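Asker: Protein chains in written order, with our numbering: chain A, -10 to 274; chain B, -10 to 274; chain C, -10 to 274; chain D, -10 to 274.
Just so you know, the hints here were simulated from the structure itself, not pulled from any lab data.
Predicted model, so just to flag it, every value in this text is computed and none were measured.
The reader is advised that the hints may include incorrect statements.
Pairs involving identical chains hold if they fit within one copy or between any two copies, as the list cannot separate such chains.
[Claimed, not checked] Taking lysine to any residue pairs in the SDA-like style, the calculated list, with each CA pair at most 25 Å apart, reads: (1) Lys11 x Ile62; (2) Lys242 x Ala106; (3) Lys11 x His196; (4) Lys139 x Asn19; (5) Lys193 x Leu172; (6) Lys139 x Ala61; (7) Lys102 x Ala169; (8) Lys11 x Phe48; (9) Lys102 x Gln260; (10) Lys242 x Gly7; (11) Lys139 x Gly267; (12) Lys102 x His232; (13) Lys242 x Pro187; (14) Lys242 x Gln145; (15) Lys193 x Ile24; (16) Lys242 x Met164; (17) Lys242 x Arg152; (18) Lys11 x Ala192; (19) Lys102 x Ile55; (20) Lys139 x Gly35; (21) Lys102 x Val272.
Listed below are the residues making up each chain.
4 protein chains.
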Amino acid sequence: MAASPTATLLLSCPDQQGLVAKIANFIYANGGNIIHADHHTDFGAGLFLTRLEWQLEGFQLPRDLIRPAFGAIAQPLDAQWQIHFSDTVPRIAIWVTKQDHCLLDLLWRHQAKEFIAEIPLIMSNHERLGAIAQQFGIDYHVLPITAETKAVQEAQQLALLQRYNIDLVVLAKYMQVLTADLLAQAPPIINIHHSFLPAFAGAKPYHRAYNRGVKIIGATAHYATQDLDEGPIIEQDVVRVSHRDGVRDLIRKGKDLERVVLARAVRLHLQNRILVYGNRTVVFG
Amino acid sequence: MAASPTATLLLSCPDQQGLVAKIANFIYANGGNIIHADHHTDFGAGLFLTRLEWQLEGFQLPRDLIRPAFGAIAQPLDAQWQIHFSDTVPRIAIWVTKQDHCLLDLLWRHQAKEFIAEIPLIMSNHERLGAIAQQFGIDYHVLPITAETKAVQEAQQLALLQRYNIDLVVLAKYMQVLTADLLAQAPPIINIHHSFLPAFAGAKPYHRAYNRGVKIIGATAHYATQDLDEGPIIEQDVVRVSHRDGVRDLIRKGKDLERVVLARAVRLHLQNRILVYGNRTVVFG
Amino acid sequence: MAASPTATLLLSCPDQQGLVAKIANFIYANGGNIIHADHHTDFGAGLFLTRLEWQLEGFQLPRDLIRPAFGAIAQPLDAQWQIHFSDTVPRIAIWVTKQDHCLLDLLWRHQAKEFIAEIPLIMSNHERLGAIAQQFGIDYHVLPITAETKAVQEAQQLALLQRYNIDLVVLAKYMQVLTADLLAQAPPIINIHHSFLPAFAGAKPYHRAYNRGVKIIGATAHYATQDLDEGPIIEQDVVRVSHRDGVRDLIRKGKDLERVVLARAVRLHLQNRILVYGNRTVVFG
Amino acid sequence: MAASPTATLLLSCPDQQGLVAKIANFIYANGGNIIHADHHTDFGAGLFLTRLEWQLEGFQLPRDLIRPAFGAIAQPLDAQWQIHFSDTVPRIAIWVTKQDHCLLDLLWRHQAKEFIAEIPLIMSNHERLGAIAQQFGIDYHVLPITAETKAVQEAQQLALLQRYNIDLVVLAKYMQVLTADLLAQAPPIINIHHSFLPAFAGAKPYHRAYNRGVKIIGATAHYATQDLDEGPIIEQDVVRVSHRDGVRDLIRKGKDLERVVLARAVRLHLQNRILVYGNRTVVFG
């Protein structure tokens, strides 16, 4: 693991000759040392997608000129791109309702330094998990939501995201549908769905999995979009079940999946390893 | 593995006291030695489900009296039950269309003695796989099917099942929907579906899995019922895919799943380890 | 799930005719309703192994006569057996050193009611995890161990197990070898080893797995015995790694395995689903 | 999938600045279009490892000058490298003893066009599998091996590899130890070991796995080296087993693993996705 700060470029653009060379030359010409690079071409979509990480030590461009300088290269390529600096620590808000397993798991991993991030804010539509927030020294805001108050409360939520300077929202079993309005204005949002999507999208997936008699259940982490449970999938995992497992057992086994799948997705996002295009993701492993 | 022949009872009935004792006593009183027994209670359904296997050597009931004698015990229990003798070798018909991977796999396993069964018949709606049948010395019947000929051809299919004395039909990538009529008259039918049901039921599951951007694909073996892809699930398995996998890769990886999932399901059926109730299965492992 | 209290019998004995009937009759004759029963015959070892669970409501034998009455049946069978009552809640001691992930996981699961047990005691050879014990309201005893003090401290440990009435010890990353003496006097002890045993038994398994270049790592929960890392295996699980994973990544991924594998093993033990014979386990699923 | 021929570079060298740029420029300057590129830095070993694939259509260097031209770039980098052209089809020899499952699986996949390769030669120390070779129209050479004849027969084996122009040897359950001499002169050799290495290296792994009471078994494909079962691991996979599985069941389940793990390893090798360094592999996914 490189101790010195790094820059990470995520870029997608129409495929053409010389893309790797152009980007690598930009870094090399400025004295950067590439430590990870991964490129993918989606021939069907005609897209080139890449992730490059290089050491900033010895890089001759001043920090505030890196993005403008790269922009000059990216523009003729018709590219979509982001550059992240590893010493700019992202700030996470976790949204919950009443279930604590994903929240606790995220906080424990944060404490164990699995996530390079700050978690200054937990929001909920219920009081219940306030004690956990307090124990970890994190602000806890309760915004109960009804059909009538939804618009007002979402405005509050957005205001909090701004006030706390939030870069990523993690829905850790937040059992509310988000409006298109909120999604348009919020930073990226990762959700955990308690099924192997697209199977059992919607409500009560474990009950439906039990009734269908499946032999394997799953969990899915995805970016939240306007179409419920239809956003780009980041990570999935599964576990075997048998006729001996009732709905309660499915829920219990599923919780273990939800925790680990959500944590992996958050970690991949924080490491800038995910590129979304269309409704798909490239996850640079 | 017991070398001497065994009898296997599969039974389900409304739960009540003394069921294990009653059944075990029937076997013990007649000098049978139970070598496997597994019971399950589905409290929600109020059902007791069991599988018992005992050695026939030393069993004092003549073979042709075992079923009638047990019937007298089962009737007051309002039970559904079957008794199978391990030396009565079941006969399988395999139905295929054009893909050979599941067919070849089943035939190899049969040759390797993984299945205690005979395979006297392969049916197809295409000529293509006839050479394989010939190579393994198995009769191959071609019954092309169109909307107009379906009724006539299904009658032919049923006639062949009768003529060949078939106990189990295995749909090894047979790409035709079966009518309710045929299903009502045929022996049990196991189908392999190339997705992790209920995700991607219906046509072209790998294309749809690719488009949805899932990170895991699966295959499902189930008993065929009138509701396409809705029958009781016997076995499922999955494999990871990534953004580097195109549709062709999904198909290739999926084939490996289809082979092994179908083979496991056939083996479980042949060992009389599966009890169907409602739309669910108990698989006695 | 049955709400009323149940009794669970775990029994192994030399195989002979009529075992299922004899045991089932004992329960039926006394008015018990069997809700789970699973039998296994190990033909190589000539052993019959069984687990039966029945409802105590309506069972006509007084609680304190059940074991003596069954003993009369078991003795001529030369059986080893235990009977557990579901309303006698087992008491767990957790032993730790400095790592908190397994400890926290066990305590959360206990809080979430995944374990029917009490956890009155945490022991460690270090101070570090005392704050966690305090937060969960559990007594924390520190017994530092050196080569010189080992004998004295183990005597202390045994005394504490007695004083707290402990039924099960869970080594949640307790990095000390236990002596034969302690093992002989302690209740059952479950250990988690951070490798896919028997691969990488002993120290620093993740470093050795990295150096060997394996593509999959694992974790193993087993009963502790005198032969380090050689005890009967209860549960194992694995996860894929790649060349991109350094030793730290292996450790991080391994922690997730250790947590879940240890938790499953503890749960199986608490549900009296494990029978040890020789150096093997039967796990009644 | 690109239809036009491609070149693939596999390279490893001491890490330094500008490596990606230098290599990408070589391709770009000659009019090549990179379709896949993946780089990895092993910081511990101080090594840069890369795989690049580019389209040869439009590439301005004549085919026979590509290697010399790249050599001029590689030499100052102190690099180890290979360049493969996708239209130069590699030739495989399969070595077997008596078991047919891996052989049949490889031949079926070859027929199904999963491998871009030719398989002109099967060698064995037994007659048994000759009929399969004949059925697939492949030459079959029998070279029985005893302690006395080993040296002579290995010379024969090497002569056959030369005569058939073999690029890759696949040991598909070839139950003979290879000498250092043969290994030094033969092309790359892939072996399948029927255990999750390093567990149960050596003989009779399934019997030993059964005796140890493991809950998961595995298979490992690796390059053959002088140290038996110690070569660089390419691929591993696992499957769950239970107390109900006897040694025969382990063998049966293991066969399914062996087939698929060996096939994946062969495919990865044929796609030039594997870089060996030290005793480890980088597998560019």
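Asker: Each hint: holds or not?
Answerer: Here is how each hint holds up against the structure:
1. Lys11 x Ile62: Cα proximity of Lys11 and Ile62: in one copy and across copies (8 Å, 18 Å).
2. Lys242 x Ala106: For Lys242 and Ala106, the Cα distance is within 25 Å only across copies (19 Å; inside one copy 28 Å).
3. Lys11 x His196: Answer is neither; intra-copy 53 Å and inter-copy 34 Å both fail.
4. Lys139 x Asn19: Neither: 50 Å inside a chain and 60 Å across chains, both beyond 25 Å.
5. Lys193 x Leu172: within (24 Å within a copy, 32 Å between copies)
6. Lys139 x Ala61: Answer is neither; intra-copy 43 Å and inter-copy 65 Å both fail.
7. Lys102 x Ala169: Answer is neither; intra-copy 34 Å and inter-copy 38 Å both fail.
8. Lys11 x Phe48: Answer is both; intra-copy 17 Å and inter-copy 18 Å each pass.
9. Lys102 x Gln260: Intra 13 Å, inter 35 Å, cutoff 25 Å: intra-copy only.
10. Lys242 x Gly7: neither (48 Å within a copy, 32 Å between copies)
11. Lys139 x Gly267: neither (29 Å within a copy, 42 Å between copies)
12. Lys102 x His232: Between copies only: 22 Å across chains, 39 Å inside a chain, cut-off 25 Å.
13. Lys242 x Pro187: both (19 Å within a copy, 19 Å between copies)
14. Lys242 x Gln145: Close neither inside one copy (35 Å) nor across copies (38 Å); limit 25 Å.
15. Lys193 x Ile24: Neither: 44 Å inside a copy, 27 Å across copies.
16. Lys242 x Met164: For Lys242 and Met164, the Cα distance is within 25 Å only inside one copy (19 Å; across copies 29 Å).
17. Lys242 x Arg152: neither (37 Å within a copy, 35 Å between copies)
18. Lys11 x Ala192: Classified as neither: same-chain Cα gap 48 Å, cross-chain 43 Å, threshold 25 Å.
19. Lys102 x Ile55: neither (28 Å within a copy, 47 Å between copies)
20. Lys139 x Gly35: neither (41 Å within a copy, 43 Å between copies)
21. Lys102 x Val272: within (22 Å within a copy, 28 Å between copies)
Hint violations for this structure: numbers 3, 4, 6, 7, 10, 11, 14, 15, 17, 18, 19 and 20, all remaining hints satisfied.
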